[in-house]
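A.B. asks: Position chain A relative to chain U; hints supplied.
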Amino acid sequence: MAYGTKEDVDQAVKAARAAFWEWRATPPLSRARYLFRLKDAFENNFEDIAKTLTREQGKVIDESRGEVRRMIENVEHATGVTTLMCGYTLEDIAKDIDCKGHRQPVGVFAAIAPYNFPAMVPWWFLPYAIVSGNTYVLKPSEQVPMTQTKIFEIVDSVGFPEGVVNMVHGSKEVVNAILDHPDIAGVSFVGSSPTAKYIYERCGATGKRVQALGGAKNIVAVMPDAKLDAAMPSLITSYYGCSGQRCLSGSILTPVGDVADALLEKFTVAAKSIQMGDGLDEKTSMGPVVSAAHKQRVLGYIEKGIAEGAKLILDGRNAKVTDLPNGFFVGPTIFDQVSPDMTIAREEIFGPVVSVVRCKNMNEVVELINSRGFANAACIYTSSGAAAREFKYRVKPSMIGVNIGIAAPMSFFPFGGAGQSMFGDTKGHGQEIFNFFTDTKVVIERWL
Amino acid sequence: MPLQNFGSILNFAEELESQDRQFYEAAAGNPACAAHQSLFSELAAEAGRSMQTVQRIRREYVTEMILEPIMDFTRAPFCEACEGAAVQGAAEVLAAARRLETRAERYYAEAAEKIKALTEVARALRTLGKTRKARLAKLATRE
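Protein chains in written order, with this note's numbering: chain U, 1 to 448; chain A, 1001 to 1143.
Bound-form chain U, shown alone (with noise of 0.2 angstroms):
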């Protein structure tokens, strides 16, 4: 895939600048009306889509029909325009004047998308922009260019008016012209908590609307109280996962008081079963990490783990598939005796590796979630409605999971977290995703 320039931004922003008076004066049922026919586009592919990310990304298939049906719910929940985006107004303000706040599109919006979600992510924001009556450019992911592409062209033959959704593939240079150019009324991110600062600070530099999401650290508590045999598929699905490449991955596991050596027990076990390989094998239940570098990465914490003192029971380094020789696999991963200082109990590793931090009880897990900087989500198994309502009172992280290991929210609920991994207010999708793409424009009248 060849990379795009500052030239190619330029040109595609000037398109969507040139689309955006036309498609602004749209009706909202109209604009909506091309999201209904995507949908059904959607359903249609939905298989090729699904293999075509599996195929890219690596992971498993089930994975990739979840991503790709969590894309779609967004095009759904976008639909309900006529609703969402409506204004308000109160007569009589003060003697007879009325105010209307009509809520207006804005311009030319763009997103920049992570390598870990190439369907779904760029659809947080997209299909509400353009039903807002705004006009895009999106950048998928350099690592994962060819899924984007493949949905493009699904969006192609829905038929747009020319230059409304507008996407060009490229790194670096894409992304700074992108950040910089002046007719980008608002800039929408998914990835590292590093990048996300950056893509906020240069926006409010050139300023823009920005909501840039992060990395995550999150921590998953597992009470005395909870239910082990009931938790041991959601919890070994919140840590290995699309390979632990979630934000919203499981990657602390906190036993609480006497539960952990029976919770470590049964989710080793569980753990070890995984089955690693192609991800359009039906036996896989795991796939590889996104590259070789990656691999490296996640292979360099486990290290930094075995080198600070941790306890490494289940090593993933030696993974091998077979078939696959020169796969990226890292296998399940797990320490145990990790303190909170220790590195890999505060980085974000974004791999298959667990690091079990024990506590005493629920202070010890409060404080270890909210020092760590990042506040993506944070997740508790209990059968005690008081410890549950305790952790979603106390602790900083945005999406709370009880009895859930992956807290996310679906398309009708904002999806964000906050502290480090949120950089900006306005969260991807849900009811409040409309003010990120509107401007409320207040009339206030009074008739002579």
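Any given hint might turn out to be false.
Said to hold, decoys possible - In the DSBU-like style, the derived pairs of lysine-lysine whose C-alpha atoms are separated by at most 35 angstroms in a straight line are:
| hint | chain 1 | residue 1 | chain 2 | residue 2 |
| --- | --- | --- | --- | --- |
| 1 | U | 100 | U | 441 |
| 2 | U | 197 | U | 266 |
| 3 | A | 1116 | U | 51 |
| 4 | U | 266 | A | 1114 |
| 5 | U | 441 | U | 14 |
| 6 | U | 283 | A | 1133 |
| 7 | U | 6 | U | 197 |
| 8 | U | 320 | A | 1114 |
| 9 | A | 1138 | U | 51 |
| 10 | A | 1116 | U | 39 |
| 11 | U | 304 | U | 197 |
| 12 | A | 1116 | U | 227 |
| 13 | A | 1116 | U | 266 |
| 14 | A | 1116 | U | 272 |
| 15 | A | 1116 | U | 283 |
| 16 | A | 1130 | U | 39 |
| 17 | U | 392 | A | 1133 |
| 18 | U | 39 | A | 1114 |
| 19 | A | 1114 | U | 441 |
| 20 | U | 272 | A | 1114 |
| 21 | A | 1116 | U | 320 |
| 22 | U | 51 | U | 311 |
| 23 | A | 1114 | U | 283 |
| 24 | A | 1130 | U | 283 |
Claimed, not checked - Chain A regions said to be covered by chain U (calculated; three or more residues, Cβ under 8 angstroms):
| hint | segment |
| --- | --- |
| 25 | 1002-1012 |
| 26 | 1058-1066 |
Think of the hints as simulated: they come from the structure by calculation, not from any bench. These numbers were taken from a predicted model, which means no experiment stands behind them. Yeah, the Cβ is synthetic: ideal placement off N, Cα and C, and Gly gets one too.
C.D. replies: Just chain A now, with coordinates in the frame of chain U:
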């Protein structure tokens, strides 16, 4: 080959429906089965619709799938050879049809039990199983 996750269970269901549709299409075109042509055509069309149902279930409920393998469930007990529908005599074809319906009914019942944590999926599979039971009743009246 094991059926150990959401996708493989639904994929195998799709294979069953596809195989059955081909079987009934062949049977409907078999001159020896002329007396049952209408029924076989109907069953072939139903298998086609069921295949779409299976595909829809796989698309719509996949986000609820779990990673931990489903245990002790394999393809082998549900594999049935069904060649010859285009050339065999009516009695043989009817017998093969009953075997196919029986295995599908059994498959859907067992698959629904294996995947019962996903209630919508289990319900859909049970419904497909009931359809097979009704089809078997229709076939039972034929000689």
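A.B. asks: Identify every previously stated hint that the structure contradicts and give their numbers, smallest first.
C.D. replies: 2, 9, 17, 19 and 22
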